[in-house]
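A.B. asks: Single-letter residue listing:
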Amino acid sequence: DAGVIQSPRHEVTEMGQEVTLRCKPISGHDYLFWYRQTMMRGLELLIYFNNNVPIDDSGMPEDRFSAKMPNASFSTLKIQPSEPRDSAVYFCASSDRAEAFFGQGTRLTVV
Amino acid sequence: KNEVEQSPQNLTAQEGEFITINCSYSVGISALHWLQQHPGGGIVSLFMLSSGKKKHGRLIATINIQEKHSSLHITASHPRDSAVYICAVMEYGNKLVFGAGTILRVKS
Numbered sequence: 001d002a003g004v005i006q007s008p009r010h011e012v013t014e015m016g017q018e019v020t021l022r023c024k025p026i027s028g029h030d031y032l033f034w035y036r037q038t039m040m041r042g043l044e045l046l047i048y049f050n051n052n053v054p055i056d057d058s059g060m061p062e063d064r065f066s067a068k069m070p071n072a073s074f075s076t077l078k079i080q081p082s083e084p085r086d087s088a089v090y091f092c093a094s095s096d097r098a099e100a101f102f103g104q105g106t107r108l109t110v111v
Numbered sequence: 001k002n003e004v005e006q007s008p009q010n011l012t013a014q015e016g017e018f019i020t021i022n023c024s025y026s027v028g029i030s031a032l033h034w035l036q037q038h039p040g041g042g043i044v045s046l047f048m049l050s051s052g053k054k055k056h057g058r059l060i061a062t063i064n065i066q067e068k069h070s071s072l073h074i075t076a077s078h079p080r081d082s083a084v085y086i087c088a089v090m091e092y093g094n095k096l097v098f099g100a101g102t103i104l105r106v107k108s
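Which chain is which? The protein sequence lines are A and B, in order. First residue of the first sequence? That's 1 in the numbering used here, and the numbers climb one at a time after it. First residue of the second sequence? That's 1 in the numbering used here, and the numbers climb one at a time after it.
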């Protein structure tokens with residue numbers, strides 16, 4: 001398995017634009033997590049799914065953020081409209097309850 | 001109070017030194033992870049522990065469930081060990097809560 005795959009690796013967008021981050025988890029993993037990392041706040045859990053169902057989205061900062069998992073092999077995190085304070089590295093991770101594996105992250109810059 | 005506390009926040013060591021990073025947590029957990037993040041940004045899972053001790057090369061991780069404490073040890077440290085080490089606890093329900101991380105710099 002190629003591991004958790006995130007795309008794009010880097011995204012620069014203008015304030016107000018819609019941003020979509022993508023994640024392909026490891027095949028067979030039934031948990032998928034979206035995290036955000038900033039210098040100020042470190043790593044934060046945004047939302048996680050179990051068997052494609054959102055379980056806990058209490059970390060999603062506001063209604064501008066939404067996440068979907070239409071099937072076991074794909075998830076998206078969407079920000080609409082984006083703001084400069086959304087600039088961060090967004091990580092996706094998947095887990096089989098034994099271990100968690102992280103993607104390489106998407107570095108988002110909103111200007 | 002944070003649910004996961006790491007110490008020290010910053011650590012500078014000389015090559016060859018034995019290093020210990022500590023993690024204390026306040027909630028019930030099903031497992032604890034030690035993660036490594038290099039300056040390039042990628043995160044690698046080093047260990048997942050639910051009890052006892054694990055060893056991988058020069059790295060050793062221990063956990064004491066009763067005391068809600070875990071340690072990560074690096075023997076014969078090397079400059080390539082320089083990274084941020086993050087403790088993360090997996091609460092019941094598989095939610096991961098992260099410590100703030102320990103920035104380790106090993107000088108040659």
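Hints are supplied without guarantee of correctness; some may be wrong.
Unchecked claim - A partial selection of chain A residues facing chain B, derived with a Cβ cut-off under 8 angstroms:
1) A2
2) I5
3) F33
4) L46
5) Y48
6) V53
7) D57
8) P61
9) F65
10) P70
11) F74
12) S87
13) D96
14) F102
What the hints assert, rightly or not - A partial selection of chain A residues facing chain B, derived with a Cβ cut-off under 7 angstroms:
15) S27
16) G28
17) M39
18) P81
19) E83
20) G105
Hint data in this document are derived by calculation from the structure and do not stem from the laboratory. We treat Cβ as the ideally placed atom computed from N, Cα and C, and that holds for glycine.
A.B. asks: Please verify that hint: Y48/A, Cβ, nearest Cβ of chain B, below 8 angstroms or not.
C.D. replies: 7 angstroms, holds
A.B. asks: Can the hint on E83/A be confirmed by a CB-to-CB distance to chain B that is less than 7 angstroms?
C.D. replies: Result: violated, 22 angstroms to nearest chain B Cβ.
A.B. asks: Regarding the hint that G28/A lies at the interface with chain B, is the smallest CB-CB distance below 7 angstroms?
C.D. replies: Result: violated, 15 angstroms to nearest chain B Cβ.
A.B. asks: Min Cβ distance, L46/A to chain B: is it shorter than 8 angstroms?
C.D. replies: 11 angstroms, violated
A.B. asks: Hey, does the F102/A contact hint survive, CB to chain B under 8 angstroms?
C.D. replies: 4 angstroms, holds
A.B. asks: Answer holds if the nearest beta-carbon of chain B is closer than 7 angstroms to that of G105/A; otherwise answer violated.
C.D. replies: 6 angstroms, holds
A.B. asks: Hey, does the A2/A contact hint survive, CB to chain B under 8 angstroms?
C.D. replies: 14 angstroms, violated
A.B. asks: Would you check whether F74/A satisfies its interface hint, that is, whether its CB is within less than 8 angstroms of any CB in chain B?
C.D. replies: Violated. Min distance 20 angstroms.
A.B. asks: Given a cut of 8 angstroms on the nearest C-beta pair, is the interface hint for P61/A held or broken against chain B?
C.D. replies: Because about 16 angstroms separates P61/A from the closest Cβ in chain B, which is outside the 8 angstroms limit, the hint is violated.
A.B. asks: With chain B as the partner, please determine if D96/A meets the hint condition of a C-beta pair closer than 8 angstroms.
C.D. replies: For D96/A, the interface hint is violated, since the closest Cβ of chain B sits about 10 angstroms away, which is over 8 angstroms.
A.B. asks: For the hint on I5/A, just tell me whether its beta-carbon gets within less than 8 angstroms of chain B.
C.D. replies: Violated, about 13 angstroms.
A.B. asks: Against chain B, is D57/A within 8 angstroms by beta-carbon distance?
C.D. replies: 11 angstroms, violated
Hint check: violations occur at hints 1, 2, 4, 6, 7, 8, 9, 10, 11, 12, 13, 15, 16, 17, 18 and 19; the rest are consistent with the structure.
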